[in-house]
Each structure stands twice: as structure tokens, then as C-alpha cells.
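Novice: Take a look at the letters that make up each chain.
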Amino acid sequence: MGLLSKKDTKLITDPLADNNPITIQVLGICSALAITAELEASIVMSIAVLFVLGVGNVVISLMRNIIPSKIRIIVQLIVVATLVIIVDLVLKAFAYELSKTLSVFVGLIITNCIIMGRFEAFALANGPWKSFLDGIGNSLGYAVILIIVGFFRELLGSGTLLGYQVLGDAIEKTGVYHYGYENNGFMLLAPMALITVGLIIWVQRSRNTELVED
Amino acid sequence: MEKRTDKNSYTILFAVLMVLVVGSILAYLATALKPKIDENKRFEKQQNILYAMGVNDNDEKSIAFIPTDKVEEMFTQYIKRQLIVQGDTAVDYKDAYLINIKKEASKAKEASYQRKLPLFVGEKDGEEFYIIPMRGKGLWDAIWGFVALDKNLVIKGVFFDHKGETPGLGANINQRFFMDDFSGEYIADGTTFKGVTVAKGNADPKNNDKTDYEVDAIAGATITGDGVSAMIKKDLKMYMPYLQTLKN
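Taken in order, these protein sequences are the chains called A and B.
For what it's worth, my numbering labels the leading residue of the first sequence as 1, then goes sequentially.
For what it's worth, my numbering labels the leading residue of the second sequence as 215, then goes sequentially.
Certain hints may be false.
Once the Cα atoms are required to be at most 27 Å apart in a straight line, the calculated DSSO-like pairs of lysine-lysine come out as [stated by the list, open to error]: (1) B/K365 x A/K70; (2) A/K100 x B/K365; (3) A/K100 x B/K408; (4) B/K365 x B/K447; (5) B/K448 x B/K424; (6) B/K408 x B/K420; (7) B/K248 x A/K100.
Hints are computed from structural coordinates only; laboratory data are not their basis.
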């Protein structure tokens, strides 16, 4: 790898699996439960977090030597909130349709604990380039889980993927519905998101027993 | 030795500066982009009103509004009159579609206030549509919509939208499978106002019966659905005295 050193690559690949923000650090669970009933919403949320965490980590990292330690959490909050509001305003002016799809997520991004967690744990102690990679890595790790959960919830709950009917029409009784299959409405409710995340954690820890805590 | 950044004076100075910088950036952006954002909102309203009366680029499944660069022209072309309803009469009112229904509803809490009830008369292929704006509460936040009626108080088309309903559940009130169900429903039995109820356990999920004053609810979105029913009942009812006069 010419562009990234071995250490830098780890910053991106680690959060994807063995140090995943959702399944290992158990951060950002709230948004993972709230918006994963649809695959599309999961993807949009992932992109939004990717942007805010990537840029936010760099900003915090650049400011790390001048932030007073007593008010650092508030400073971090202001940075997140400002970024999110700027994005929201610009989208409203130039991509109105997209901004309507995103409106639900704006509040959820600000409260996403992954963002504050990475600011506090990484960006305050590392340079901008490393922080940027860390931000990208963590939001990709977040995205992977969101997309897996969104995929199963939408498929089993509504029989659709990205809004397209992949299992046939539930009302007209075509496709698998013809054979008596029914959508599981439970999958659309928040508890099933938690159970799906739990199943992912189970699979991940039985594949890599080092992750199991005593 | 104490670090420079730990001093109280430094902390306060930093906080003040940061607030000033961030505040000015946001204030500048908000003011600079406001005209553009307002224009987008105006176009959206025009698109929604036209959508309700069936002026849209829909195909079989999709929801497609008139593009924003054409919407203003189409709006003046299709919307013949913009009115304000007062009891059983209505008067012309310029740009009635810009009336803020939310503000009107809160002002109307004072008994002395005469609430402005906007009504848009559209015409398409020789048919007249009476389009009524409405606003209510969903599960998390506001929901709103436009209902297009004909002279016989039969729904010709609707458009619903929401601010923050749950994706995959309540958020689906702005989807075709939900909105299309309303078309053809009666809102009144003779002169008695009935509204349209978003009903669970409906014996008519394909919605063949158009005079049951019911459409099929979305599973998992009970409160949003109830909000839609309540919004229709409350806001349409205010127009009834005027709508009754159209029949003759």
C-alpha cells in the first residue's frame, strides 16, 4: 500500500469488524434501532454520519491543542451541531428533495454517541489525517451494521428492498405469498432491531472468541 | 505547572470567541440561503396542491411532481381561483396558498378571530376540483396534506406528508399505496359529514367499498393513521357549510 501505512489501514479496517462501534463498543445503538426499518433510510443515515464524523474529527483534531479541557465536551457538541446545521441549510437550499428525506436524521446525528465518542477518544489526541481515517473507519463500521440490519428488517418485515417488491405482492398474493408466506410485522418494530443486532453480535463473537469477555 | 488551556480566563475567552465565530457563520448562512429556501418551500406547496388534483408526472407506481422549473406556470394554468371560505360563502384572496395554516389554527383559539380558510379551485379536462389544505398531528410531529374534492363531495385525490414519522411505518402516509386508497371515497352521507377514517381490522383491505368512509390502515402506524383521520375530520368539517352549497 503506497497511500496508507499499515497503521493507517488498521484505523479503517479495525472498526469494520473487531472493533466495530455498534457491536463491540456498543455505541450509536439508538439510531441503529430507530431508522433501520428501511434499507434506504439506513444507507442515507450512514452517508450522513460518514460526512459528519469525517469532517468533525478533522476539525476537532485541528483544534485539539487550543480546546480548554474544562469545556471540551461542549466544544465538541458545538462542532457537531454546527456541521449538521450547515449541511441541513445547504441541502434545503440546493437539494430540497434530499433534505426532506434527511430531516428525520438531523437530530439523530447530533445525538449519535459514536461521533462524540470518537471526538473524545481519538481526535483530541491525534493528528488530522489519522483522525480523518478513524472517522471514516468508524462510520463505515457503523454503516455495515446499519445496512445488514436494514436489509433483514425490510426484507422480512415488508417483503421489499429499497422499496422494490422482491418477494411478490402481499395483497395480490403473488410470488412467495401465493404459498402462504406472510410478512412478519414484528420486524418493523424496534425490539426486532435490537434482536437482529444481538444476533450479529452472537455470530461475530462465536467466530472470534477473543472478543468474548469473561 | 498549570497548562495555559486550563486557566479560567482562557476558558472563558475561548468560549466567547467560539460562540461568536460559530454564531456569525450560521447567521450569515441562514440569511444568505433564506430566499432560496423560501422559494423551494413555495414550489413544494404548489407541487403538492397540483398533485392532489391529479396534475403530476406519476406512472404506475411512482410519485412524481411537476418539476420545479415548470410548477409556477402550471400552477397558474390549473388553479383557477384561490378563495377564503367564511361560513357558506367564499371570497377571492390573492395567493391564498401562502396562508400559514398552523398560524391560523393557533390564532383561531381566540374567539374573536375570524379564521382564514383557504380553498383552491382547480380545473382539469373540464372537471372542477376543490382543494382543501389541512394540518394535524402524527406520532412524532406535524402531518399535513391536501384533499381534492369534486362537487359531490367525493375525494378525487389526496396528498399527505409529514415532518418526522417513523421510516417504514408512519412515514408511509406519503406513499402511493396509502394515498391512492382515498380516491373515490365519499366524505359525507347526504348532508351529514362523515370524514374518512383510517381503519384497522378493515374488512375491505382492497378498498372496493367507496361509501364506508374508511380506508385500510398501515400496520404498525396506528397513531399516525389516527392522526390522519382526525386531521381530515377536523379540517374538512370547517369547509362543510360552503361545500354543501356547491351541490346545487
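Novice: Work down the list of hints and note, for each, if the structure agrees.
Specialist: Structure-based check of each hint:
Distance check on the hinted pair: B/K365 and A/K70 sit about 67 Å apart at the alpha-carbon level, beyond 27 Å; violated. Between A/K100 and B/K365 the CA atoms are separated by roughly 34 Å; this puts the pair beyond 27 Å, and the hint is violated. Of the pairs offered as hints, the one joining A/K100 and B/K408 is violated, with about 32 Å between alpha carbons and a cut-off of 27 Å exceeded. For the hint linking B/K365 to B/K447, the alpha-carbon distance of about 18 Å falls within 27 Å, and the restraint holds.
The straight-line distance between the Cα atoms of B/K448 and B/K424 is roughly 21 Å, inside the 27 Å bound, and the hint therefore holds. Our distance criterion of 27 Å between C-alpha atoms is met by B/K408 and B/K420, whose separation comes to about 20 Å. Straight-line distance between C-alpha atoms of B/K248 and A/K100 comes to about 16 Å, which keeps the hinted pair within the 27 Å bound.
In this structure, the earlier hints numbered 1, 2 and 3 are contradicted, and the remaining ones agree with it.
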